[in-house]
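Undergrad: Using the sequences provided together with the hints, build the complete structure.
Just so we're aligned: 53 in numbering that gives the first Met the number 0 is position 54 of the sequence shown, and the numbers increase by one with no gaps anywhere.
Simulated from the structure, these hints should not be mistaken for laboratory data. Note that this is a predicted model, so its numbers are computed, not measured. Please note that a few of the clues may not be correct.
As the list claims (entries may be wrong) - Calculated pairs, EDC-like style, for lysine to aspartate or glutamate (alpha carbon to alpha carbon, straight line, at most 20 Å):
#, residue 1, residue 2
1, Lys37, Glu152
2, Lys10, Glu23
3, Lys10, Glu108
4, Lys10, Glu121
5, Lys19, Asp101
6, Lys141, Glu108
7, Lys19, Glu152
8, Lys37, Glu23
9, Lys141, Asp101
10, Lys21, Glu108
11, Lys10, Asp159
12, Lys21, Asp103
13, Lys116, Glu145
14, Lys19, Asp103
15, Lys141, Glu72
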Amino acid sequence: MENIDANFILKPFRTRIWIKAKPEDIILGWTQSSLVTKWFVNQCEFLQNGLATPDARPGGSYKWTWLDGSVDESNILEVEPTRIVYGWYHNQGQIEVTATPDADGTLLELTQTMSSKMEPQEILKAQYGCRIGWTFFLTNLKSIIEGGIDLREHNPNRSDVVNI
Numbered sequence: 000m001e002n003i004d005a006n007f008i009l010k011p012f013r014t015r016i017w018i019k020a021k022p023e024d025i026i027l028g029w030t031q032s033s034l035v036t037k038w039f040v041n042q043c044e045f046l047q048n049g050l051a052t053p054d055a056r057p058g059g060s061y062k063w064t065w066l067d068g069s070v071d072e073s074n075i076l077e078v079e080p081t082r083i084v085y086g087w088y089h090n091q092g093q094i095e096v097t098a099t100p101d102a103d104g105t106l107l108e109l110t111q112t113m114s115s116k117m118e119p120q121e122i123l124k125a126q127y128g129c130r131i132g133w134t135f136f137l138t139n140l141k142s143i144i145e146g147g148i149d150l151r152e153h154n155p156n157r158s159d160v161v162n163i
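TA: Shown next as structure tokens:
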């Protein structure tokens, strides 16, 4: 792994999923703490000037805690009715989520970019793990919205499973 092409691993990756819902309703699932916990993390806190808020706000921050105790805290950069941009991986990366109307639903696109301040092997590991994670969690978001079924594992004693 010594000859990792830094230009390759620093390129943003994109993943998309079609969901039968309005774009604004899907973005609410990313910006309302009570909705984020239905499909993504175990606990969601949005903060503005150090105070808890029920929703994501530009210039604020978030703290997400997964069932296994993993935590990510980063800044919220932009929030629009059909788009959100926030720091990722403890502000060592960035996520942009865009919801675009498509036929009778929405094409949801997530783009992840990692910082060049990280070591190439660390970036590669993060990109690999995040690609797997985002594929699952976007599928779970679709499942929740379209059918109300949460695909996540809720037993904290199970480890090394993709759906925790």
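Undergrad: Does each hint fit the structure? Answer for all of them.
TA: To see whether the hints hold, each was checked on the structure:
1. Proximity of Lys37 to Glu152 is assessed by CA-CA distance (about 12 Å); at most 20 Å being required, the pair is judged to hold.
2. Note on Lys10 and Glu23: the hinted pairing is violated, with a Cα-Cα distance of about 28 Å set against a maximum of 20 Å.
3. At roughly 16 Å between alpha-carbon atoms, Lys10 and Glu108 fall within 20 Å of each other, so this suggested pair holds.
4. Between Lys10 and Glu121, the direct Cα distance comes to roughly 14 Å. Compliance with the 20 Å bound is thereby established for this hinted pair.
5. For the suggested pair Lys19 and Asp101, the alpha carbons sit about 9 Å apart, so the restraint of at most 20 Å is met.
6. A hinted pair counts as satisfied when its Cα atoms are at most 20 Å apart, and Lys141 with Glu108 qualifies at roughly 13 Å.
7. A hinted pair counts as satisfied when its Cα atoms are at most 20 Å apart, and Lys19 with Glu152 does not qualify at roughly 24 Å.
8. Restraint check: the Cα-Cα separation between Lys37 and Glu23 comes to about 17 Å, which is no more than 20 Å; the hinted pair holds.
9. With a C-alpha separation of about 15 Å, the suggested pairing of Lys141 with Asp101 holds against the 20 Å cut-off.
10. For the given pair, Lys21 sits about 14 Å from Glu108 by alpha-carbon distance, which is consistent with the 20 Å threshold.
11. For a cut-off of 20 Å, the pair hint linking Lys10 to Asp159 is broken: about 27 Å separates their Cα positions.
12. For the hint pairing Lys21 with Asp103, the CA-to-CA distance comes to about 8 Å; that is within 20 Å, so the pair holds.
13. With a CA separation close to 39 Å, the supplied pair Lys116 and Glu145 exceeds the 20 Å bound.
14. Simply put, Lys19 and Asp103 have alpha-carbon atoms about 7 Å apart, close enough for the 20 Å limit, and the pair holds.
15. Pair hint Lys141 plus Glu72 does not hold up; C-alpha atoms about 24 Å apart against a cutoff of 20 Å.
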